[in-house]
Each structure stands twice: as C-alpha cells, then as structure tokens.
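Undergrad: All chains should be built: construct the whole structure from the sequences, respecting the hints.
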Amino acid sequence: MSLADFTTSLRPAALLACVTLSSALVGCDEGAGPSAPGTIDWEWDIPAHFPTPRVPAENPMSEAKVELGRYLFYDEGLSDDGTMSCASCHHQELAFTDGVDRPTGVTGELHPRSSMSLANVVYNGTLTWANPLLTTLEEQAFTPLFGENPIEMGNRTLQDVEAYLEAHPSYPQQFAEAFPESDEPVSVAHVLDALASFQRSLISANSPYDQYIAGDTDAMSESAKRGMDLFFSERLECFHCHGGFNFSSSLTHDQLLISESGFHNNGLYNVDELGSYPANNPGIYEFSGEGADRGAFRAPTLRNIAVTAPYMHDGSLLTLTDVVEHYARGGTLTVDGPNAGDGANNPNKSAFIIGFLIDEDEVDDLIAFLEALTDEQFLNDPRFQDPALDAP
Amino acid sequence: MNRLHRLATLSFLLTPLLVAGCDDDTSSDAPIEDATDDTDSGNAEDIDITLFFDALANGALISEDALVPNIGLEDAGEGIEGGSFQIDDFRFYIHDLTLVDADDNEAPITLEQNAWQYDNVALVDLSNVERGSGNAEVNASVVGTAPAGEWTALRFTLGVPFELNHSDTAVAPSPLNVTAMAWSWQGGRKFLRLDGQSGTGAPVFIHLGSTGCEGEITNITSCQRPNRRAYELPWDGRSTAIGVDIAAIFDEVHLDVNTTDTPSLCMSGPSDPECEPIFTNLGLDLSDGVTPVEGGDDLFSILPVPD
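Protein chains in written order, with the numbering used here: chain A, 1 to 392; chain B, 1001 to 1307.
Each hint should be verified, as a subset may be incorrect.
Said to hold, decoys possible - Computed spacing ranges between beta-carbons, pair by pair:
#1 A:E325 with B:S1063: 37 to 43 Å
#2 A:E325 with B:P1234: 52 to 58 Å
#3 A:V100 with B:D1288: 51 to 57 Å
#4 B:E1078 with A:L94: 53 to 59 Å
#5 A:P47 with B:T1291: 40 to 46 Å
#6 B:T1291 with A:L94: 53 to 59 Å
#7 B:E1214 with A:E325: 30 to 36 Å
#8 B:S1063 with A:T217: 19 to 25 Å
Worth flagging that the hints you see were computed from the coordinates, not collected in a lab. No residue lacks a Cβ here, since even glycine has one placed at the ideal position from N, Cα and C.
TA: The structure is reproduced here in structure tokens:
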C-alpha cells in the first residue's frame, strides 16, 4: 500500500471528534470587535503585504492550541520508541527542514522524499511534495505519526498515543485548556488540531526582501536587487512557479477563492528518455494516472531557501549553485545508473524551463537575492522553539 | 454600425457587498459569496444579464482538453501547413461591460460581486486543465444587471482597468488575487493568458498585459503601452453566448517558430517579432498599445440563439 493510499483511505474514528468540535467556538469576539476568520484569541502577526491565512472552521486558532502544539511538536514521546519528534526532521534553525537529502524513521526506513520547510506552511495550496488531495495540516499530521509506508514516527494505534498523553504530568491540563468545550480533550484528533495550529503560527515575513518591500531601500544589497530583477525576468522565468509573496505558485489564503495548486515538472529526471521519473517518486502521476503528470511536484516556497539545502524533492541537488545550473541548462543530465537520462529532454517538463544564458556575476546576484529571503528572526524566534529551551 | 471609439468613463451604481458583523465563513472550500439582490438596489426595470463564454476554433465549439486542428501554422516536417493546438490554460479579464443602443447611448452592466467578479472586472476561465499553472476551476459566465432598453450592441474591454491593475496581487480581492494571472511583480495583471502547445510539441504562451510601466512597485504611475482593447458586438438582447475564437488569435501565426531569447510565443514584448501578428489579430498596436487597429473582429462573436 503506498503512502498515498494510506492518507486518503484510512479515517480513524477518533478524527470524527475533530469534526464535531462545537461550531460555537467559531464566532465573534464581540467585546474586541471583529477578529480574523478562524481565530478565537489569536492575532496574526503579518505585514501588510501578506494576506490573512485560511483556517478551517473546525479548528480555529487560539493561543492555548498553538502552545500545546509547540509542546507536542518537540515531544519525542509522540513516537513509538520515544526517539523522534516532529522536530527530528523539522529543525527551526533550518527553517524546519533537516539538512539531509532524505530522512529516516524510527525503524531506519528511508523516506523517498525530503523534509519540507514549515515556514508559511499555512499558505500552501496543498501539502507535501506531490499530493493534490492533501489540503489541511490536520490531515497531514496523521501521516508522520502513524504512516506505515514508510514508517516515520512509528505509532501503531491511537490508544498507544492517547495512553501516553493521559499519563503525562501536564498534557491533560494543557489539552483541557486548549479544548475547553470538549468532553474528551485528550485525543489524537486534538493532537492533530494542536499540531496544525502550531504550524499555522510559523509565519516567516521579515527577511531583507520583506523589509525592502515595506520601504527600506537599503535592506537588500545592490547585488541582491540585481538578482531580484533576474528572478522576475522573462529570461529566467523563476517567478512563474516561485512567484507571489510566498515565492510559490501553490497558494491558499482567506481571500483566495480561486485555487492555485502549482505542480510542475522541472526536468530533474528522464529515466529511459521516455519522460519517466524514478519509480519511488512519480510525482502527482501517482494520483491522476495521467502521463503528463509524471514528474510533477509542488513548487515549494523559496523563503529561507539558503538554509534548506539540499534541494529538490529528493535532495539530489546539493547547493543553490547546482540549482541555478540545473535551470540554466534546462534540466539535469544523469549520466549513468538506474535513473540515467537527460531531464532537459523530458517531454512533460514545464515549458518555462528551456534553459537560459547567465554569467558568473549574474549567478552571484541571483544567489544574493535568494539569500535575501532568509528571515533570521523566524529562525531564532523563541515562540517557535523547543519548550525545553524556554527561559525558566 | 457605430464605429469603436474610446469608452467614456462612467460612474455607476456598485452593489455593496453584504458585510456581516463578523466573517465566520472559514471553511477551506469557501463558497462563492452570495450575491446581493441586484433587483432591489437599482431601477425596477433592470434586466438580468448572463453572458456565457465558449472557446471556439474557426467558428466551431471545441473541447478545451483536445488537440484542436486548423490553428495557426506549424512545420511537422513536411513543410509549413495548418497547425494544431492544445490548451493548458485559458483565462482572461474583461471590464467595463456596456450596452449600447442605435443612437450610441450607453448603459453599464453592473456586475454581480462574487469570487470571479470584482467592481467592473470579471475573470473568465475556459480551461479545466490542471497541468502546470492551470487550475481545475472553469468560469464561463459573467453575471450582472443593466437598465432595460433598446440595446443593439455590447461593448467590453479586454483587461483590468489601470486603477485596479497595479494593486498587490497578494492582498487584492478575488479575482484580482490569482497569482497565475499576476504579471511578474510590478506590471499588473495578465489580461489574457493562453498557454498550450502546438501539435509539434512547441510551447505556446500568449500573455497580454501592459508594458513599459513606470513608478515604484507600490505606486505605478503609468504604462507606456496599456494594451487594452475594447470590442463591440452586435447584440439582440436575447443571445447569451459569446464565442472566443483561438484560431483568430493564431491566424497566420507560426506556432513553432520563436525568435531566440524571446518568450515563446508572445508576452507582449514590444520588440518581439512573434508578437506582431498576435497583436494584429487581437486588434492592438504592438508599438504603442493604444491605437486600435483593424483586426480583432473575429476574436469575439455573439453565438446565435438556437431555434
């Protein structure tokens, strides 16, 4: 059974508790004036050039949920053998990636794909590298916790996890505070809700580029400004798949009523010169069965990209220079081995990736711009850190 | 027949959005907002207007998913002959829809405000192909009201008006916040986006938008080449279907020939040779983006009501 089957076909009964959360929680804070949709006592800390994030009505944001989610995110007790937490593959200082091409789970099984950054994950049109159906963080969190193919955190039953939470010295109280209307606050469904809420709070909006957009003309170097012009040029075409305020064509937010999903084949592989991708990573073809979808993956955000090496869905490109060379060539040539083939000739490759001429100074400028998307405040924000590091 | 002339700027009654005390619709499948009841806000003699847009090729309806023959020219190895084209993405904005009578009196069509229509602008999406930048949604109808009258013609402009065009896509109201219709980062919106491939596999992008824009990204002051074209169609007050003929866009255009280092095929570059015939077919002057030229007559057509 593929990972795809698992995420779409199994629906544990406990998740129904999530759906029946009282809709009375979604309402107006009549004392303080209208609050953002999908929030209880939560204020989004976003600049004017960011739209309001979308939050499912069933799981409105609250301070208590976000805080509980932070504790759960860093808790290795949420894995079967107590060795892994979400943070094991999502390190804050790497914009919540892990610095390796592909991670392994508690049994040592290698995941086919690379950990994705969680910066601004609330704005992603769909979640994970190549799943057009996965649209909420609540659904997504179930997979690393209970997935079997591959085994990630390795939990086998809901009861295992709930027993751990019930026996914990502080969780029962934290769950009760985060889910005050519920008769059974401690549940896997609420774990997913809290993890989703914490992840939604991971907003990265204060890079030098953002400061430049907000009016600080000195926030980016001259080289980065030249790189920005290159990025948004028709010669390089980067913005076609990595455009918009979040540098990704995969987008959702509270005012976006027309979907933007953003799956693209960027010419990374061409196995047997027939357009195929390696069998363990066919892209969204796995869902649609349409040949032209072979090798189509979600274009991730480029925010903080300088700290999220290695690159691509399988971590096969090691540096930003490698990435620029890949696009300048119009695709990657794999010379030998089982995946040999010239990605530049992949028939399903996006038509925007035809290669381009770029000189060394321009490569430096482009990379300077990509580095200007690094948000140091986000990488060090104590609101997102391991609670063990909190000041006593 | 009245000649096309520059539209007068009309102020018209904008139906206000219903604003509840608190917005609690946060489902991830947010439905299109309910329209206000237009018949209450204006003249009791207002008529309801729904215009359906259909993709055509050479006057015949096409399936947007198919490889359509007899489009432009291509060289399949046996010399240049009629080409074929498969649509990946086909969307365009229209604004300032207006009804005209035989004496050239005009009345605006007040658009219903919803996910696809904001102010006097509507986004039409005729492709459900989800490859690349395309999305699954289709929006083939434009809905509004207008005063009753002896109307003989329908006018509209292809594009987004300047006052709305350079707003920040990220925080603009729908349908102006569609990233795929944003034009790089300061140039406003793509007025028309027709992406696809020729029968010979050549990529084809037709992106129409204003060029030569000046100012800061947060404050564009003007564009040297607005590239907005108005179209006028005879209208009998009954027909509701408008054909958009993609063969007309590619008339005499080589789908698989592209000058090196220029977008493939035309993204409104004023010095891009492939844009010359494309702009002529749209009825636009490539060099100044303002002067209407002969051409563009076959792009939009009123489809007759079946008997």
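Undergrad: Against each hint, give a clear statement of whether it holds in the structure.
TA: Hint check:
At about 40 Å, the beta-carbon gap between E325 of chain A and S1063 of chain B stays in the expected band of 37 to 43 Å. At about 56 Å, the CB distance of E325 of chain A to P1234 of chain B agrees with the hint of 52 to 58 Å. A beta carbon spacing of about 55 Å between V100 of chain A and D1288 of chain B agrees with the range 51 to 57 Å that was offered as a hint. With their beta carbons about 55 Å apart, E1078 of chain B and L94 of chain A fall inside the hinted range of 53 to 59 Å.
Between P47 of chain A and T1291 of chain B, the C-beta spacing of about 41 Å keeps the proposed range 40 to 46 Å intact. For the hinted restraint 53 to 59 Å between T1291 of chain B and L94 of chain A, the CB-CB distance of approximately 55 Å keeps it satisfied. Range check, E1214 of chain B to E325 of chain A: about 35 Å between beta-carbon atoms, so the 30 to 36 Å window is met. Roughly 51 Å separates the CB atoms of S1063 of chain B and T217 of chain A, a value that falls outside the hinted 19 to 25 Å.
Hint 8 from the earlier list is the only one contradicted by this structure; the remaining hints agree with it.
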